[in-house]
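Student: Chains as they are written, first to last, in the working numbering: chain A, 3 to 390; chain B, 2 to 328.
Since the hints were made in silico from the structure, they are not lab data.
Backbone N, C-alpha and C fix where the C-beta goes; we use that ideal spot for every residue, glycine too.
Treat the hints loosely; a few may be bogus.
[To be verified] If we take Cβ atoms under 7 Å as the criterion, some of the chain B residues that face chain A in the derived model are:
id	residue
1	L153
2	L156
3	L307
4	I308
[Claimed, not checked] Using 20 Å as the maximum straight-line C-alpha spacing, the simulated EDC-like pairs for lysine to aspartate or glutamate come out as follows:
id	chain 1	residue 1	chain 2	residue 2
5	B	K243	B	D322
6	B	K131	B	E237
7	A	K273	A	D386
8	A	K129	A	D147
9	A	K47	A	D386
10	A	K45	A	D379
11	A	K47	B	D136
12	B	K131	A	D379
13	B	K131	A	D383
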Amino acid sequence: MSNSEIREPAVSPEGQKEVNIDPDIQQIKSLSRFQLMKRAFFKNKLAIAAGFVLIILYITMVFFPNLFSTHPPFQQDRNNMYAPPQRIRFFDVDGNFNLRPFVYPYDMELDFETFQYEYTPNYDEKKFIYFFNRGFSYKLGGFWDTDIHFMGLESEEDMFFIFGSDRMGRDIFSRIVHAGRVSLTVGLVGVALTIILGSFFGTLSGYMGGIIDQIIQRIIEILLSFPTIPLWAALAAALPQDWSSIRIFFGISIIIALRNWAGLGRQVRGKVMSFRESEYTIAARIGGASHLYIILHHMIPNAFSHIIVIGTLSIPAMIIAETALSFLGLGIQPPMVSWGTLLEASQRVNVVINYPWIMIPGLFVVIAVLAFNFLGDGFRDAADPFSS
Amino acid sequence: MTAFLVRRSFYMIFTLIVVSILGFIIINLPPGTYLDVYIAELQSMGTATAMEQRQAIVQRFGLDQPLYYQYWNWISGFIRGDFGISFMYERPVSDLIWSRLGYTVILSTSTLIFTWLVALPIGIYSAVNKYSIGDNIFTFFGFLGLSIPNFLLALVFMVISARVLGHTVGGLFSMEYRDAVWSIGKFIDLLKHLWIPVIVVGTAGTATLIRIMRGNLLDILNQQYIQTARAKGLKENIVIYKHAVRNAIHPLIMQLGMTFPQIISGGMIVAIVLSLPTVGPMYFEALAQQDMYLAGTFLMMVSFLLIFGNLVADFLLALVDPRIRYE
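Taking the hints into account, I'd like the entire structure generated from these sequences.
Tutor: Next comes the structure, spelled out in structure tokens:
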């Protein structure tokens, strides 16, 4: 902004100070509602940072998971079961600095007393990490055959476990990247349904009033009186076992959305009820507009920013719901993987205690949920730029 | 007040009936029942009476009748305290559920008390000292608490306790008290174990309540009557606690209806990780095994707890806020 130039107190020839009009106020009057929203949103640094985190998560995990993984996610390795995470180093054990990061490979031994695998770093050998090097081949974006990966060791055969490996010797990092595709989209599919159902029934209920309103409100009340997890679990258990994993995925999204729209519906109803009493609605009625026209051109556009805010803020609940269901074994089914199915392995407490890195997928759940919460908060402040 | 109570109770009964019908349909959705598995098991053991037993069970529960008949058969038993039988445990459902429901109620109410005790002072502090370091720290932890699935938090607790304290923290009782009769010792032992699930289950709810309390109080502190109170020269403590906080609590009581489901649902998964003798583990097992009467009864009972909790919240709200009663 060029505020500083305008702010210079202008002194008129008579030597009298002119009234100093706050330039901000002048500008706000000339900005459109959308510009105001943008401005309010970009003031919230936390929301912007959260937006960046989400963009990175979606690019790496939803669009190009193979590019960013270091091993094929299903490749098992009987010789590397429960390998702990390897530290990425710049300094070797003697304190020498290397610009190229590297890891120490492990020597593995089976401890015959505890029957646990003991991994000790082999400090004689350095395995350097290369960026955009060749590894296993895959189809980039589903079309181009390639074997370029964002990072990896020189040889594909070498183990490279930044987050360790699981009970079958699979690389947890690569599995997290692939599982992100499901975990990050389940919320979006669910929220799309939530928004459709919630705004439809919410608008209908708030606009029509009377008996329709009563019926929809009772339905919402009943939906809200089911405890979430038990209800979802019961519905998920009812999904046919012979369904393909993609159908189960959509089934789970629908199940979660089926209860979640109730909250949104209630809020939209409140908004629409206040819009219905406003002058512009009466004017539209007098002008001969049909109810459908008023709903589509006045009610929904006005409530839209509110709907987006509540939608964004309900994505975290869906991600957590999917994680919880999959953790219980009732959600996403193999061969599909989600962060929740990766966490299923940590249900056995004695396993987690010995190999705590199998909980790392949970960290990504927390990051994604936190980011959506901050983003939603930013949207909320932006949606009502006239307050404060 | 009486009219209000009667009306709310009537709504509650109506909701309960609809919930029970929907619950029964949902539980019956999966094709095949545990009965088929059960009979197959009996036959493979070579029991000659398998078919007769099957016939007896089918007759008793009217499993060859239409669904509405089965529903009526099942729900009318509720009044007599007969919830059907669990095929998995081969015992009446009523033998299995009461102690688990009891512990669920204990855990849920303790968690509820915990969330209020923690959230109220922090919310008040955060609102009064808006944007102070303390407020920012609490806000940060609040967001974090909202974002961690509570079963994950339970796992982290387990790992830390096992690695630092050297023993795991699961269960609600120590070994020696697990099957003992109730005594002072057993009660103290329960308290020693209860705090971990209470913290784990209560985190998300506490975070929500802090944010709501802070928002409410901030709104109210901007109102004119607060300015008037200050202008009169009242002590700041009296302004805040007598005039502001009192009015900020109403929406929190309304929020009870949302906190309670959160606690019950969250507690069910946490119970698996922490191996608590509550409803959760048995319910999910029953679902997986399609043990329909057991799962259905649990779903019913948990929904009942929730609806009843909402009724209590409504009642409390009407008690503190007379405007509600006359709506």
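Student: List, from low to high, the hint numbers that the structure doesn't satisfy.
Tutor: The structure conflicts with hint 8 only, although it agrees with all the remaining ones.
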